[in-house]
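*Asks:* Take a look at the letters that make up each chain.
Protein chains: 4
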Amino acid sequence: MERIEVKEIKQVELENPVLVEGLPGIGHVGKLVAEHMIDELGAEKIAEVYSSHFPPQVIVLANGLVRMVRSEFYAVKGEKQDLLILVGDHQSATNEGHYELTDAYLDIAKRHNVRRIYTLGGYGLGQLVEKPAVLGAVNNEALIEEMKQYGVLFKENEPGGGIVGASGLLLGLGGLAGIDAICLMGETSGYLVDPKSAQAVLSILCKALSIDINMQALEERAKDMEKIVARLREMEQTGMHEVASEEDLRYIR
Amino acid sequence: MERIEVKEIKQVELENPVLVEGLPGIGHVGKLVAEHMIDELGAEKIAEVYSSHFPPQVIVLANGLVRMVRSEFYAVKGEKQDLLILVGDHQSATNEGHYELTDAYLDIAKRHNVRRIYTLGGYGLGQLVEKPAVLGAVNNEALIEEMKQYGVLFKENEPGGGIVGASGLLLGLGGLAGIDAICLMGETSGYLVDPKSAQAVLSILCKALSIDINMQALEERAKDMEKIVARLREMEQTGMHEVASEEDLRYIR
Amino acid sequence: MERIEVKEIKQVELENPVLVEGLPGIGHVGKLVAEHMIDELGAEKIAEVYSSHFPPQVIVLANGLVRMVRSEFYAVKGEKQDLLILVGDHQSATNEGHYELTDAYLDIAKRHNVRRIYTLGGYGLGQLVEKPAVLGAVNNEALIEEMKQYGVLFKENEPGGGIVGASGLLLGLGGLAGIDAICLMGETSGYLVDPKSAQAVLSILCKALSIDINMQALEERAKDMEKIVARLREMEQTGMHEVASEEDLRYIR
Amino acid sequence: MERIEVKEIKQVELENPVLVEGLPGIGHVGKLVAEHMIDELGAEKIAEVYSSHFPPQVIVLANGLVRMVRSEFYAVKGEKQDLLILVGDHQSATNEGHYELTDAYLDIAKRHNVRRIYTLGGYGLGQLVEKPAVLGAVNNEALIEEMKQYGVLFKENEPGGGIVGASGLLLGLGGLAGIDAICLMGETSGYLVDPKSAQAVLSILCKALSIDINMQALEERAKDMEKIVARLREMEQTGMHEVASEEDLRYIR
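Line order of the protein sequences matches chains A, B, C and D.
For the first sequence, numbering that gives the first Met the number 0 assigns the number 0 to the initial residue and increments by one for each residue that follows.
For the second sequence, numbering that gives the first Met the number 0 assigns the number 0 to the initial residue and increments by one for each residue that follows.
For the third sequence, numbering that gives the first Met the number 0 assigns the number 0 to the initial residue and increments by one for each residue that follows.
For the fourth sequence, numbering that gives the first Met the number 0 assigns the number 0 to the initial residue and increments by one for each residue that follows.
Wrong hints could be hidden among the right ones.
One copy or two, it doesn't matter: identical chains are merged, so the pair holds either way.
[What the hints assert, rightly or not] The list that follows gives simulated cross-link-like pairs (lysine to aspartate or glutamate, EDC-like), each with its CA atoms no further than 16 Å apart:
1) Lys9 with Glu71
2) Lys226 with Glu157
3) Lys226 with Glu155
4) Lys206 with Glu144
5) Lys109 with Asp179
6) Lys76 with Glu39
7) Lys76 with Glu43
8) Lys130 with Glu95
9) Lys109 with Glu14
10) Lys6 with Glu71
Simulated from the structure, these hints should not be mistaken for laboratory data.
In this text the structure is predicted, and so the values were computed from the model without any measurement.
Excised from the complex, chain A in its bound form:
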C-alpha cells in the first residue's frame, strides 16, 4: 500500500462544484453536518482515500463486518450548483500526514474544478451553549462580507489556537492553490456530539449554497453518533482497546 491511495468508485461529471468538508473534530459538528447532507441530498460516493497516515486499525460495522479506516468523497448534482462532500473516520495520526492528506484532498478537488471550499467544525467553549453562534475564517478577505450576510461571526484572532487539521489546511493549502475557502465553526461545549451546533452551521451553509435541507433527522443522528463516540471515550479511559493493544510497547516509548 502506498502512503495515500485514492480509489475511484464512480465517474461523475460535475460543473464547478463546491466542496464541503466534514471530517471528525470538536463536538463532531462538521462530520454530523456533512453526513446529514449526504443522506438528505442522496449524494453518491465517488471515491475512497486510504492512507498509512490514518490510525492503524479497522472499523467494525453494525453486522460484524470490518473495513479500513478511510475518507470518502460524495457527489450530488444540484439545481444551483453541484456539491462534493468529504467525510471520513479519522484525521491523520501523523504530523506530516495532515499535510499530505490535505494535498490529496485538494488534488481531487482540482480534478473536479472545485471553485469554493467550505470546511465545517466545532468551536469548543468548554461549557454548554444555549444558542450557538457560527464563527468564520476565510483564506480570501473578499469572502468576509459575503459570509457576514449569512450570519457568520468574525471575532478578532479567533480561534486563537489556529485551526488544526484538514479543516485548517484546506484553507491554507487551498489558498496557495488559488481556491477560495471558508471555515464555519459552530460554538459547542466540546464534550458531546452537538446537534444544536450542527443545525446552526447547516442553516448558514444552506443560505450560502441557496439550498434547503430538512433538519429533523439531525437530532437523532447526533444521538446515534454520540453512542459510538461514548464507547470510544470509555475505552480510551480504561485503556481496553480490543485486540492488538500497544501494551508491550508502552515501556519503550
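Assemble the complex: chain A is given as a structure, and chains B, C and D must be docked to it using the hints.
*Replies:* Chains B, C and D in isolation, oriented as in the chain A frame:
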C-alpha cells in the same frame, strides 16, 4: 538493514493454506493460542521478518543469548488443510509500520496462496470473566453465518474502538486483496495472560479448521508467559529498562 | 507540497549581511526582539518558508483571514551592515524537521553570503529576574572575547541542557558550514513574554551591530504577544483546540 | 545534511580490532567506562557521526563553545590487540534511528575488520548496590563459557525487558553480520552516575582484553559526569530547557 527484511528459513510447498495470526495483544490471547498450536502441531519455522518499525531492542533468551525482535512464520501440513502460523515479539512501534508490516505479512500469505486468514486476539472487559465468549469480526459478510455455527458471537459495532494493529489490518488489507479473513477475540480481563480465554478461542478455531488440539499444556504455558509479561510490567513502572534507557532524551520529547 | 518549500517574495542585493534569528522559544524573547527590529528598522519581507514539519494548522489573523504556519526572512540595508532577520510562527514539530529546516535556513543565508549569525532566545530561570543578564554561546572560540566586550556573560557549561531547536542548530550546522554564529540568551522567568529580557538582549545586539534601535514600543509589543500566548496556554489546558482536534486519535497513541 | 553523516578525522590502520561501545544509558555506566578508557589509553579520535536522528540541539562546552550532538569513534593500537571505542552524547531520538545508527556504527566496524564487539551498560535495580555484579548477554552461545571465566553472570532471561538501543542492536545486527558481540551490564541503582558499577564492568573488560587500566580517576570522573547529568535532570523537572523550548507545540501534540 531495510525497513522490512524477510529471511526465508525453509522452503515448503503448501496447498492453499489457512493463515493463523497470533501477535501480542490484550491478554496475550492470540499469541498464547498461536504458540500453543505451533508446539502441539509440530509446525516448522519457514520465515523470519525483521523491521526497523519494531522496538529498537533485542530479546534476551533463557541462556543469555540475544536475538533481534522479529515476527515468524511457521508451517504445518495437515490432513484437512495446511496451516501457516504467524507469531512474533512485538507489534509495530510506529504508525506507518503497522501498515507496512501487514503488507509484508500479506505478501508472504499471497506467495503461499493463502485462502483464508484467522487473526486471534483478546477482547478486554476490564474485569474477570468466568466463561469467556468469543467475539468475531469478518471482512466478508458471507463468513458470518459460518462463524456463528462454530459458536462465534457477533455484537453490533463491537469492538466499538475498532481492531487495532495487525489483527485488524490483516482483515482490512486482506479484504482489499480479495482474501477472506476472520478475527476471533476471546473475552478477557485484559490484565493477565489469560489461558481460559485462549482455550475458548482455540476451541472455536479447532472446529473451524476441523482439527483436534490437546489443550492441557495451555494453562502452564500461560503461567510461563505471565512471568515474562509481569517482568516487563514491573520494569515499565520503575522505569528501569536495562542498559540504554532513553533517560537523556526524555527532557527533549 | 514538498517537505520544505521556500517562496521568494522579493529579490534583494545584500552585502555580506548578518542574520538575526528570533523564532519562538522560552519567554518569546528572541521572537519579541526580532519582530521589534523588523518594525523599527522597516525591514522588508523577502522569503517565506513552508513545511510539513510545522504543526498541521493555520493561523487566524485579526480580520478572520487565515494563513499557513511559516517562517519568514526580512531584509534591511544598513549604514554599517545589511541585515537578514528570520522570524516565524513555530519551531519544527518533528525531530528530523529541526535539522531539515535549519538546513533550509542556512541555504538561504549562504545564498546571501551571510557572514555572521546571531540567534536570540531566553534562558529560563523559573523565577522572576530583576536585572536579566544575557548569556552567550558561540560556534567559534575567537568570538568569545568580542562578545564579552558587549557585556555577554559566558558561564561554564551553561545552558547545561544544551540549546534546543533552530537557535542551537544554526550554530552547530552553521559552524560545519564555516559561518560564525553567536547565541544570545536573555535571562527570564520563562512564564511570560518578557520585554525586560528582550531589552537586555536587544541592547547587546545593538552594540554588536553598531546600530541604534528605539526600545519604547517593546513593552507594549510584549503585552500584545502575551495576550496571544495566554490564549494558547488556556486552550492547551482545556484541551479545546478549535475544530479538528485529535480527540479521535488519542486513544490510539 | 543527510540523515547520517560520518566525518573521518584521521586514517588509521588497525589489525582486527575489538570494538568497545559506551553510549549513554542507565547509570551512565557504559559511557563512564568508555570515556575513562579513551583517556587512560590515550586513544585518538578517528571519526565523528552526525545524524538528524539525534535530539535537535547543540551541546554547550565549558568555555561557551557549542558543538553538534554526535557519536565518536576513537582508536588505540595495543600490544595484545587494537581497540576501537565508540562514545557519544545521545542515543537516537527516533525509533528507526536506533536501527539506522547501529547500521552505520557496524559499517565503520566492518571497514576496520572488527572481530568482536563489547557493548557496555548498566543494569538498573532501583536500589543501592554494595557489590555490583556484572551481567552478560551474547549473540553467540560459544561466548558464554569464556565470559563466565572473567566473572560475568548469566541469569535466565535477564534483562527481561531486553536490551534497548545501540547496546542491544549491536549484538542483534552484529550477529546477523557474523560479528561476535557481548553486552556487559553492571548492576546499579540507576539513579546516579555509578563509578562502582563502572569499575566492576571495567575490571571484567580488562581481563577479557588482557589489558591493565588504572581506575583511580574513575571516581572523580563520575563526580564530574554526575554534575552534568544532575543539571539535565533538574531542567527536565522544571521544564526550563533553555532557548527554543517546544512550548508552542505542546498544545498540538
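*Asks:* Each hint: holds or not?
*Replies:* Results for each hint:
Taking the shortest Cα distances, Lys9 and Glu71 sit within 16 Å of each other inside one copy (12 Å), while across copies they are farther apart (40 Å). In this assembly of identical chains, Lys226 and Glu157 lie within 16 Å of each other by CA distance solely across copies; the values are 12 Å between and 31 Å within a copy. Taking CA atoms no more than 16 Å apart as the test, Lys226 paired with Glu155 passes between copies only; the shortest distance there is 12 Å, against 36 Å inside one copy. Taking CA atoms no more than 16 Å apart as the test, Lys206 paired with Glu144 passes inside one copy only; the shortest distance there is 14 Å, against 48 Å between copies.
Taking the closest pair of Cα atoms, Lys109 and Asp179 come within 16 Å of each other only inside a single copy of the chain (12 Å); across copies the shortest separation is 36 Å, beyond that limit. Taking the shortest alpha-carbon separations for Lys76 and Glu39, only the intra-copy value of 13 Å comes in at or below 16 Å, while the best inter-copy value is 54 Å. When the C-alpha separation of Lys76 and Glu43 is checked against a cutoff of 16 Å, the pair qualifies only within one copy, where the shortest distance is 10 Å, while the shortest distance between copies is 47 Å. With identical chains, the CA atoms of Lys130 and Glu95 are never at most 16 Å apart, being 37 Å at best within one copy and 42 Å at best between copies.
Only within a single protomer do Lys109 and Glu14 lie at most 16 Å apart by alpha-carbon distance; the minimum there is 12 Å, versus 43 Å between protomers. Proximity of Lys6 and Glu71 under a CA criterion of 16 Å is satisfied intra-copy only: 9 Å inside one chain copy versus 32 Å between copies.
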